[in-house]
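Trainee: Chains as they are written, first to last, in our numbering: chain A, 1 to 607; chain B, 1 to 186.
It should be emphasised that the hints constitute simulated quantities derived from the structure, not laboratory data.
Heads up, the beta-carbon is just placed ideally off N, CA and C, and yes, glycines get one too.
Hints may be right or wrong, so weigh each one.
Covered stretches of chain B (chain A as the covering partner; in silico rule of three or more C-beta atoms under 8 angstroms from a C-beta of chain A) [unchecked claim]:
id, stretch
1, 94–100
2, 104–118
3, 137–144
4, 161–173
Pulled a few chain B residues facing chain A out of the computed Cβ check, cut under 7 angstroms [what the hints assert, rightly or not]:
id, residue
5, Phe74
6, Asn87
7, Gly90
Now for the letters of each chain:
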Amino acid sequence: MRGKPVWSIGLIAMLMVGAGVAKAQVTVTAPASAAPADDGNWVMPAKNYASTRYSELDQINSQNVSGLRVEFTFSTGLVRGHEAAPLVADGTMYIVTPFPNYVFALDLTKPGAPVKWKYEPKPVSAAQGVACCDFVNRGAALADGRLFFNTLDNRTIALDAASGAELWKTSLGDINKGETMTMAPLVVKGKVLVGNSGGEFGVRGWLTALDAASGKIAWRAWHTGPDSDVLIGPDYQPFYDKEKGKDLGVATWPPNQWEIGGGTAWGWISYDPDVNLIYYGTANPGPWNPEQRPGDNKWTGGIFARNPDTGQARWFYQVVPHDLYDHDGINELILLDMPVGAPGDAPGNRQTRKVLVRPERNGYVYVIDRTSGEVLSADPFAYINSTAGVDLKTGDIHYVDAKQPVMGQVVRDICPTAPGAKDWNPSAFSPRTGLIYIPHMNVCMDWESQEANYIAGTPYVGANVRMFAGPGGNRGELSAWDPVKRAKAWSIKEDLPLWSGALATAGDVVFYGTMEGWFKAVDARSGAELWRFKAGSGIIGQPITYRGPDGRQYVAVLSGVGGWAGAVVAGDLDTRDPTAAKGFAGAVPDLKERTNKGGMLYVFALP
Amino acid sequence: MSSRCHDCVGVALALGLAVAMAALTASCEREERDTKAPPESQISVSSVALSPLQPGEASAPPGGSHRSIEENAFNLAQGKQLYTWFNCSGCHAHGGGDIGPALMDDQWLYGSEIENVYATIVQGRPNGMPSFRNRIPDQQVWQIAAYVRSMSGLTPATASPSRSDEMQNKPAEQSMPRQEPKDTHP
């Protein structure tokens, strides 16, 4: 792992490039209502409600991207993990930082993009003590001239985007219960949707809708407990029998365990205006030690479809019932309309279905009918030995007995690891190639369950974990996934775990960053590397692109290593203990030699 | 030659016996269990200085008078168990750190003396360390504080834990090379 020449890292594995690449994919599209025509802005981290992270801008393309150069930079002055996507609207760029969650507005109409305003929410310092995996923030959301974001100490704040004036702030959680907020809100039909973090602290997860005008709570859906709390009522029509029954959020737990059962919502939300449903995932149950919570532990580790107006659940699919490995179900959900059929079906036999595509922590790409919650396919995109496939009839996942955690035993070589084959860092989809660009990992772990003691405001985990590189030794990978062929088109192996988001553009370029600090542009069709730039710190942020006030296309990304994967650098951890950072230290003992701390925005353009 | 050798053996035997006796005595003491908690009056956390900088004439650096606690293997073994039971390991892992800083290295944000560690546990610290005041019995706080110092090899090897009950992660505290404390405040 150590001392590899830099240029050998980006080995390109051309797996299945066929002659049909160009023509087969025109049939996969994002619904127009959720992915409207590109206006050159970037107002939500996922770009649009379909979460494609795809821009129609094509000034920068696979032919000329090699000429990309830095246009301006901006230091955030902070040294923790920068996971956020910068946002751009009408000549202003907005950045929300890790704790203490500064918001900067940069004036793109002026040379060097000077600061237009800065907002300091001043969250309580003690909140840092209950943030499981660095003090990150995944971004803000812009709607109707307002900027919405969350603070680590559980406040959702609305600012006037033009002036930075505070319009309202609403306190939603309690750090003394271990709650924090790190996700980027999503604004749907005048409601700001936000969820809590804290699955490693025995919190009780929820998603809350706030009135965008007033900040008042419109509804809150809990993810454990009785149906009335979960907002399960007459609208609820899950596809699978295993999701049906009264008060499963109580019945699938030992008595009262649901009250501290996790199921937070700190990841991504998508929205389909045509069927008026939001889609998002619930995180791991608590504690990690599964023997302390016999049962399916609903409604953790699954995907909810809800009516955004009322919060009422339409369907739920539990991806990982009775989760064994901290496999939060919070990853991105890409809304696509695409032909679906059995492998080998003639194209004419395939029906176009409204689906959502979820590259899951457990290593499978799930394709789910987003109107019904039926799993249409679940194919591995990474090395897996802890499960043996998904039964599409019942929706059940087959856990491998030999890899199940047992208290007092060290169960060795479980793949994928706790943060999964892929964690929160989002994929991108290009309608031009029909491919989903998945930034992910190849990391395995040893796991020893221990009895966890619940002490409010302290970790509630109950597992000793140490991680290491998976088969092949490359700890990261960018895979271009063909959802129709249900296979990889190509992939790029990366030495370090990939913890940045991906960006796809109509110029057929895919951007992503590495934890060493390389910001890369690769050919969307072949995976061939076209350009790279070395940032000052490892990149775990989400790249975006926009049209500047001068009509030129820009690409922006935050560098600043951290997050769970980069905690050894951001927190100055001692990697002689491989269980540091919940075991991630074991997988990245070389990271402190490969990069350093420091938050910096980089913006690139063609000369 | 031979007579000298006999002498040698005699001396060696006597020396060996003395060493063994000393070790026995020490190992008896190292296991001694003090069932009485140190009286509360022994330390007031307000007497613990967080900074080595003292305006005016320098006085003796505070702390260090409770070190006898960490010369006792029972205290350190208890501290090791309590460190997991009170979820210290949830934030500091097995010394490498996680949400909170590493405890097995030479950097001490709030002081390296056992009184500093005690005060940190009782008072909490503003950047996320919870205050365990009235949450953990006083004697157990001392045991945890002593164990924390053992993680970087600061406690006598004769008393430090020699093995772990959990998954082998790193050498046991007894085998940790002593990390000379640097009371830095970055």
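Trainee: Decide, hint by hint, whether the structure agrees.
Mentor: To see whether the hints hold, each was checked on the structure:
1. 94–100: holds (count 7)
2. 104–118: Held - the stretch 104–118 of chain B has 3 residues with a Cβ nearer than 8 angstroms to chain A, which meets the minimum of three.
3. 137–144: violated (count 0)
4. 161–173: holds (count 4)
5. Phe74: violated (22 angstroms)
6. Asn87: holds (4 angstroms)
7. Gly90: holds (3 angstroms)
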